[in-house]
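Enquirer: Sequence:
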Amino acid sequence: MANEQRFLREAIDLARANVDSGGRPFGAVVVKDGRVLATGVNEIHRENDPTAHAELNAIRAASGKLASPNLTGCTVFASGHPCPMCMAAMTLAGVGEVVYAYSNEDGAPYGLSTKAIYAELAKPFAEQSMKIRHVPVRPESRTDLYAHWHKQQGDQTD
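Counting from 0, one number per residue, gives the positions in the sequence shown under numbering that gives the first Met the number 0.
Hints listed in this document are in silico derivations from the structure and should not be mistaken for laboratory results.
Accuracy of the hints is not assured; some may be wrong.
Distance ranges between label pairs, derived from CB positions [as the list claims (entries may be wrong)]:
no. : residue 1 : residue 2 : range
1   : 107       : 84        : 14 to 22 Å
2   : 126       : 3         : 34 to 42 Å
3   : 50        : 93        : 28 to 36 Å
4   : 133       : 43        : 24 to 32 Å
5   : 151       : 21        : 23 to 31 Å
6   : 118       : 96        : 21 to 29 Å
For every residue, glycine included, the Cβ atom is placed at its ideal position computed from N, Cα and C.
Taking the hints into account, I'd like the entire structure generated from these sequences.
Expert: Right, dumping it as structure tokens:
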């Protein structure tokens, strides 16, 4: 519990420093085996990149440090409730636990809640505000894309 609070305080300190340098109030810390592996802050304003969230930047740094996209055994400590994009990335990376200090309810009065995005993504595609369509195009004279990838994976293990 003491370490958990220490890592959350570190994420909050990163977020506060980011605010002081003109950024948004989000920081994240990736921890493995009780040690800080990487940190990140929200850099949307610096990078003009809507995916430059603190959690994603910390995941990128941790993956680079480990030279692997696999973050199994890692915990992400975030200053605020991670958005669906960050949660999906952490799931894909194999992060085992996410701990955050400020909830969507805490952020709502400041326009910092992602609750509406979670609700939107929970709807069936046809009911979402963004148009989402499946058009199953397949090459006529080439191996199917996924079959091609699968074959290449097999060739690499020989």
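Enquirer: All hints are to be evaluated individually against the structure, with a verdict given for each.
Expert: Evaluation of the provided hints:
no., hint, result
1, 107 / 84: 14 to 22 Å, "holds, 19 Å"
2, 126 / 3: 34 to 42 Å, "holds, 38 Å"
3, 50 / 93: 28 to 36 Å, "violated, 19 Å"
4, 133 / 43: 24 to 32 Å, "holds, 30 Å"
5, 151 / 21: 23 to 31 Å, "violated, 44 Å"
6, 118 / 96: 21 to 29 Å, "holds, 24 Å"
Violated hints, listed in ascending order, are 3, 5; each of the other numbered hints is respected by the structure.
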